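Engineer: Start from the sequences, fold in the hints, and give me the full structure.
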Amino acid sequence: AQSVTQPDIHITVSEGASLELRCNYSYGATPYLFWYVQSPGQGLQLLLKYFSGDTLVQGIKGFEAEFKRSQSSFNLRKPSVHWSDAAEYFCAVGDRADKLIFGTGTRLQVFP
Amino acid sequence: NAGVTQTPKFQVLKTGQSMTLQCAQDMNHNSMYWYRQDPGMGLRLIYYSASEGTTDKGEVPNGYNVSRLNKREFSLRLESAAPSQTSVYFCASIPGGTLYEQYFGPGTRLTVT
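Sequence lines, in order, name chains A and B. Residue 31 in our numbering sits at position 25 of the first sequence, with consecutive numbering throughout. Residue 167 in our numbering sits at position 26 of the second sequence, with consecutive numbering throughout.
Quick caveat, the hints were computed from the structure, so don't treat them as lab data. Just so we're clear, the structure is a prediction, and the values are computed from it rather than from any experiment. C-beta atoms are modelled at their ideal positions from N, C-alpha and C, and glycine is treated no differently. Any given hint could turn out to be false.
[To be verified] Here's a subset of chain A near chain B, in silico, CB distances under 8 Å, partners left out: (1) Phe96; (2) Leu106; (3) Thr110.
[Stated by the list, open to error] Derived lysine-lysine pairs resembling DSBU-like cross-links, with alpha carbons at most 30 Å apart: (4) B:Lys198 - A:Lys67; (5) A:Lys55 - A:Lys67; (6) A:Lys105 - B:Lys150; (7) B:Lys198 - A:Lys105; (8) A:Lys74 - A:Lys55; (9) B:Lys212 - A:Lys105.
Structural biologist: Set out below in structure tokens:
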């Protein structure tokens, strides 16, 4: 069965520190992969996506993610976190971009 | 463009009451979706509409009905609300086909007492 796992429910980092949010998936073929961010009280906003090609993808707000087929992972990274990055982050996978399975989310807290 | 809009933003219902959540998009998108978001469970697909005039069940359709009124609007109806339907509901849309991201509305927070 298709599934997405975000192992970290809650992560706390200091402002300026680096960040890595983990995402692992179980899928039969190469999936379409997404990271979304949700600020409090808001809808979801796309950070970045991977469909094919270069396995390191750049997104908005200075985020990047790397697709590792051998590890079935699509981890999200940012070299230096800003206080405004505090939000909930969702990884999503699908075999078509219109049918997605979402992970349970990772809540990021940023301390000054 | 307003993007994807949802009404109402908040709603409190008593068990057994009915209501309709409204969603509209002004991006001329073909496909529209309804999700529910519950703590610790991410987003789960309730229903979707691949194009005007078609609807299909998602992962958690029980207790809900939908109507794709036209290309712009996709409504979600709770005929007899239950406390288990307390959730945040999101509508989303995409232009159609593959290789597109989903655009989300701001959500409706529903509480059923």
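Engineer: Next item in the hint list is A:Phe96. Is there a CB on chain B closer than 8 Å to its CB?
Structural biologist: holds, 6 Å
Engineer: Taking only the CA atoms, is the gap from B:Lys212 to A:Lys105 under or equal to 30 Å?
Structural biologist: Between B:Lys212 and A:Lys105 the Cα gap is close to 19 Å, so the pair holds against 30 Å.
Engineer: Next item in the hint list is A:Leu106. Is there a CB on chain B closer than 8 Å to its CB?
Structural biologist: With Cβ-Cβ at 7 Å, under 8 Å, it holds.
Engineer: Against the 30 Å threshold, does the CA-CA distance of A:Lys55 and A:Lys67 hold or violate the hint?
Structural biologist: Holds, at roughly 14 Å.
Engineer: Checking one constraint from the list: CA of B:Lys198 to CA of A:Lys67, max 30 Å. Satisfied?
Structural biologist: Violated, at about 35 Å.
Engineer: If you draw a straight line from the CA of A:Lys105 to the CA of B:Lys150, is it 30 Å or shorter?
Structural biologist: holds, 25 Å
Engineer: For the pair supplied as a hint, A:Lys74 and A:Lys55, is the alpha-carbon distance within the 30 Å limit?
Structural biologist: Answer holds: A:Lys74 to A:Lys55 is near 14 Å, not above 30 Å.
Engineer: Would you check the hint for B:Lys198 and A:Lys105, treating anything up to 30 Å between C-alpha atoms as holding?
Structural biologist: holds, 12 Å
Engineer: Return the status of the interface hint for A:Thr110: holds when the least beta-carbon distance to chain B is below 8 Å, violated otherwise.
Structural biologist: Constraint on A:Thr110 satisfied, holds at 4 Å.
The structure does not agree with numbered hint 4 stated previously, though it agrees with all others.
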